[in-house]
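Work out the full structure: start from the sequences and follow the hints.
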Amino acid sequence: MKFLVLLPLSLAVLLLCSCQSTEQGAGASEIERIINTETSLTEDISQDTEMQSDEAYVEIEIFQEGGLGISYIVNSPKGILMIDSGFYNEELEEYLKANGGPDVLLITHGHYDHIGGIDNLKRTFPDTKIFINEKDQPLLEDAELNYSSSMSEPVTISSEVQSLDEGTYQLAGYQVEVISFGGHTAGSNFYYLPEENLLFTGDAILPESLGPVRATGSAEQMQESAHKLLERSFPDDMRVFCGHNGNTTFEKLLKNNSELMENE
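If you count by the working numbering, then the sequence shown holds residues 16 to 279, one letter each, in order.
You can take every hint at face value.
List time: in silico BS3-like cross-link candidates among lysine-lysine, alpha-carbon distance up to 25 Å:
| hint | residue 1 | residue 2 |
| --- | --- | --- |
| 1 | Lys144 | Lys93 |
| 2 | Lys243 | Lys270 |
| 3 | Lys243 | Lys267 |
| 4 | Lys112 | Lys93 |
| 5 | Lys137 | Lys93 |
| 6 | Lys112 | Lys144 |
| 7 | Lys137 | Lys112 |
Pairwise CB distance ranges, derived in the manner of DEER restraints:
| hint | residue 1 | residue 2 | range |
| --- | --- | --- | --- |
| 8 | Gln190 | Met166 | 32 to 38 Å |
| 9 | Glu105 | Asn278 | 38 to 44 Å |
| 10 | Glu266 | Glu235 | 24 to 30 Å |
| 11 | His259 | Ser167 | 20 to 26 Å |
| 12 | Arg247 | Ser164 | 33 to 39 Å |
| 13 | Glu175 | Asn271 | 36 to 42 Å |
The set of hints was computed from the structure by calculation and includes no laboratory data.
Positions of the beta carbon are idealized from the N, C-alpha and C atoms, including for glycine.
Put into structure tokens, the structure is as follows:
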């Protein structure tokens, strides 16, 4: 399943366009366009309207299979930044080949549905740099820790994956702030792109709940991370892309996520 989000960078207020979907089993395709505009929020926009503009833009391509294996592609004139490998299916590979491949792959955490495609991606795009929080490095090689041991083909990663700890970096042409958010796993990372007004949370925070605590993580870590996040100031209209259950805005996250707000 694939989604598309278009974000012109020069305008300030998010406009959510109508969503077109066609169900075709595992090959279902759904397109969501989110377009910045100076007008107020509007939902009744023709699906046939083509955006013709020379303004800088960002495309967010979303690939997912059966509610698992999600992968986000941030594509703009700056470069191609990938968040989580998902299962790296044929549709994802075709898109990446057509666009030159990802410059950088950032892993939010080490569970199998977020790392399972790393080796296949690296074989196709050997120059792609891959990063994960140091505390989640062991999950790449341990099928028990990444929850794939009971699968017919347990997931272990042989490709080089570098450690990336909390801080601000220039990656694939983007300013990326790495925010450590332990709890779901000890080494869960958020990736914040302030210039694009985007936050990628993996499974640590979902639109209406905190993520479940899994091996290497803890409730104490989750509580500390949530409290730290709530001390930050983010734009209300910042798009928050989660590992499951869709995406939201920061304003709606604060309104609808009671588990997060308990740590205020």
